[in-house]
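Based on these hints, arrange chain B on the given structure of chain A.
From first to last, the protein sequence lines stand for chains A and B.
If you read the first sequence in my numbering, its first letter stands for residue 1, the second for the next number, and so on.
If you read the second sequence in my numbering, its first letter stands for residue 1001, the second for the next number, and so on.
No lab work stands behind these hints: they were computed from the structure.
Owing to the predicted nature of the structure, the values given are computational and were not obtained by experimental measurement.
Note that the Cβ used here is the ideal one computed from N, Cα and C, for glycine as well.
Just so you know, not all the hints are guaranteed correct.
[Unchecked claim] For lysine-lysine, the following DSS-like pairs were computed, each having C-alpha atoms within a straight-line distance of at most 27 angstroms:
(1) B:Lys1067 / B:Lys1042
(2) A:Lys66 / B:Lys1067
(3) B:Lys1100 / A:Lys41
(4) A:Lys64 / A:Lys14
(5) B:Lys1112 / A:Lys66
(6) A:Lys55 / A:Lys66
(7) B:Lys1042 / B:Lys1056
(8) A:Lys66 / B:Lys1100
(9) A:Lys20 / A:Lys55
(10) B:Lys1112 / B:Lys1067
(11) A:Lys14 / A:Lys41
(12) A:Lys20 / B:Lys1100
(13) A:Lys20 / B:Lys1067
(14) A:Lys41 / A:Lys20
(15) B:Lys1056 / B:Lys1100
(16) A:Lys41 / A:Lys66
(17) B:Lys1042 / A:Lys64
(18) A:Lys55 / B:Lys1100
(19) B:Lys1042 / A:Lys66
(20) B:Lys1042 / A:Lys14
(21) B:Lys1056 / B:Lys1067
(22) A:Lys14 / A:Lys66
(23) A:Lys41 / A:Lys64
(24) A:Lys66 / A:Lys20
(25) A:Lys64 / B:Lys1100
(26) B:Lys1042 / B:Lys1112
(27) A:Lys64 / A:Lys20
[What the hints assert, rightly or not] Far from chain A by the CB rule (all over 12 angstroms, computed), these chain B residues:
(28) Arg1060
(29) Gln1070
(30) Arg1077
(31) Gln1080
[Claimed, not checked] Where chain A lies over chain B, by a calculated footprint (3+ residues, C-beta under 8 angstroms):
(32) 1015-1024
(33) 1052-1059
(34) 1104-1111
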Amino acid sequence: GAVVSQHPSWVICKSGTSVKIECRSLDFQATTMFWYRQFPKQSLMLMATSNEGSKATYEQGVEKDKFLINHASLTLSTLTVTSAHPEDSSFYICSATRDSLNSPLHFGNGTRLTVT
Amino acid sequence: QKEVEQNSGPLSVPEGAIASLNCTYSDRGSQSFFWYRQYSGKSPELIMFIYSNGDKEDGRFTAQLNKASQYVSLLIRDSQPSDSATYLCAVPHGSGNTGKLIFGQGTTLQVKP
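Isolated chain A, as found in the complex:
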């Protein structure tokens, strides 16, 4: 069964608005979750690492003020795309491992964001 749950599956928003995406680990506590992004015809790229109880770690080139990450509990991380623009339209996928040193990464179902 699913290990990681993500919501919503798709969202359409107007330029300038903000969108929140939720990611939950279903049967384990995830002190760390990972947010990836995939543009059409491209592979997945890691955006940031979400750390429970502390600030997220962002990959080079990812604006932390635009992509707000909150990991308030051991089973929930949220990604908020602030002041969305059409170029933010993408497939956002959260993920988690049971043990980041040894266990494989499991992905949520992803969120298709379209900014008009």
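Structure of chain B alone, referenced to chain A:
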């Protein structure tokens, strides 16, 4: 040089044949290797992972790792049309953290009935 390289394909095989998907990586220190399957419009699904040199089999899937050649492959036996998807090879970032993966571009597999 890209860190993880795959032939984008498409790789076309007839139903029942063996599909062979290849991946090379640049970091000689990499210790774990993952194959994900991604259907169009869906998120990646873990197929196999391998840590040791040699072969690892799981049903119709076999992962092969050769660390000396920095090469990992995925064989799919008795290919089915439902196997048609993009297959992504992934290697952890230099830290070894399996949550921080570097993905190849993916190989699109087409299995023709």
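Evaluation of the provided hints:
Taking the CA atoms of Lys1067 of chain B and Lys1042 of chain B, the gap is near 31 angstroms; set against the 27 angstroms cutoff, the hint is violated. Between Lys66 of chain A and Lys1067 of chain B, the direct Cα distance comes to roughly 39 angstroms. Violation of the 27 angstroms bound is thereby established for this hinted pair. With a CA separation close to 21 angstroms, the supplied pair Lys1100 of chain B and Lys41 of chain A stays within the 27 angstroms bound. Taking the CA atoms of Lys64 of chain A and Lys14 of chain A, the gap is near 21 angstroms; set against the 27 angstroms cutoff, the hint holds.
Pair hint Lys1112 of chain B plus Lys66 of chain A does not hold up; C-alpha atoms about 44 angstroms apart against a cutoff of 27 angstroms. For the suggested pair Lys55 of chain A and Lys66 of chain A, the alpha carbons sit about 14 angstroms apart, so the restraint of at most 27 angstroms is met. Note on Lys1042 of chain B and Lys1056 of chain B: the hinted pairing holds, with a Cα-Cα distance of about 26 angstroms set against a maximum of 27 angstroms. Among the hinted pairs, Lys66 of chain A with Lys1100 of chain B is consistent with the structure: their alpha-carbon atoms are about 21 angstroms apart, no more than 27 angstroms.
About 17 angstroms separates the Cα atoms of Lys20 of chain A and Lys55 of chain A, which keeps this hinted pair within 27 angstroms; it holds. As the CA atoms of Lys1112 of chain B and Lys1067 of chain B are separated by approximately 33 angstroms, the hinted pair breaks the 27 angstroms bound. Between Lys14 of chain A and Lys41 of chain A the alpha-carbon distance is near 24 angstroms, which keeps this suggested pair within the 27 angstroms criterion. A distance of roughly 22 angstroms separates the Cα atoms of Lys20 of chain A and Lys1100 of chain B; the hinted pair therefore holds under the 27 angstroms criterion.
At roughly 41 angstroms between alpha-carbon atoms, Lys20 of chain A and Lys1067 of chain B are farther apart than 27 angstroms, so this suggested pair is violated. A threshold of 27 angstroms between alpha carbons decides the hint, and for Lys41 of chain A with Lys20 of chain A the separation of about 24 angstroms falls inside it, so the pair holds. A hinted pair counts as satisfied when its Cα atoms are at most 27 angstroms apart, and Lys1056 of chain B with Lys1100 of chain B qualifies at roughly 23 angstroms. For the hint linking Lys41 of chain A to Lys66 of chain A, the alpha-carbon distance of about 24 angstroms falls within 27 angstroms, and the restraint holds.
In summary, the hint linking Lys1042 of chain B to Lys64 of chain A is supported, as the alpha carbons are separated by about 26 angstroms, within the 27 angstroms threshold. Proximity of Lys55 of chain A to Lys1100 of chain B is assessed by CA-CA distance (about 17 angstroms); at most 27 angstroms being required, the pair is judged to hold. Taking the CA atoms of Lys1042 of chain B and Lys66 of chain A, the gap is near 25 angstroms; set against the 27 angstroms cutoff, the hint holds. Simply put, Lys1042 of chain B and Lys14 of chain A have alpha-carbon atoms about 24 angstroms apart, close enough for the 27 angstroms limit, and the pair holds.
Annotation: proposed proximity of Lys1056 of chain B to Lys1067 of chain B holds, straight-line Cα distance about 14 angstroms (limit 27 angstroms). Distance check on the hinted pair: Lys14 of chain A and Lys66 of chain A sit about 16 angstroms apart at the alpha-carbon level, within 27 angstroms; holds. For the given pair, Lys41 of chain A sits about 25 angstroms from Lys64 of chain A by alpha-carbon distance, which is consistent with the 27 angstroms threshold. The straight-line distance between the Cα atoms of Lys66 of chain A and Lys20 of chain A is roughly 12 angstroms, inside the 27 angstroms bound, and the hint therefore holds.
A hinted pair counts as satisfied when its Cα atoms are at most 27 angstroms apart, and Lys64 of chain A with Lys1100 of chain B qualifies at roughly 17 angstroms. The straight-line distance between the Cα atoms of Lys1042 of chain B and Lys1112 of chain B is roughly 21 angstroms, inside the 27 angstroms bound, and the hint therefore holds. Proximity of Lys64 of chain A to Lys20 of chain A is assessed by CA-CA distance (about 14 angstroms); at most 27 angstroms being required, the pair is judged to hold. With a closest Cβ-Cβ approach of about 19 angstroms to chain A, Arg1060 of chain B is found to remain outside the 12 angstroms limit, as its non-interface label requires.
Listed as outside the interface, Gln1070 of chain B is consistent with that label: its C-beta sits roughly 19 angstroms from the nearest C-beta of chain A, beyond the 12 angstroms cut-off. Taking the minimum C-beta to C-beta distance to chain A, about 22 angstroms, the non-interface status of Arg1077 of chain B holds against the 12 angstroms cut. With a least CB separation of 23 angstroms from chain A, Gln1080 of chain B remains clear of the 12 angstroms interface cut-off, as annotated. Figure legend: the region 1015-1024 of chain B, annotated as covered by chain A; annotation inconsistent (0 residues with Cβ-Cβ distances under 8 angstroms, at least 3 required).
Chain A is given as covering the region 1052-1059 of chain B, and this is violated because 0 residues of the stretch bring a CB closer than 8 angstroms to a CB of that chain, at least three being needed. Residues of the region 1104-1111 of chain B lying with their CB closer than 8 angstroms to a CB of chain A number 3, which satisfies the three-residue condition for coverage.
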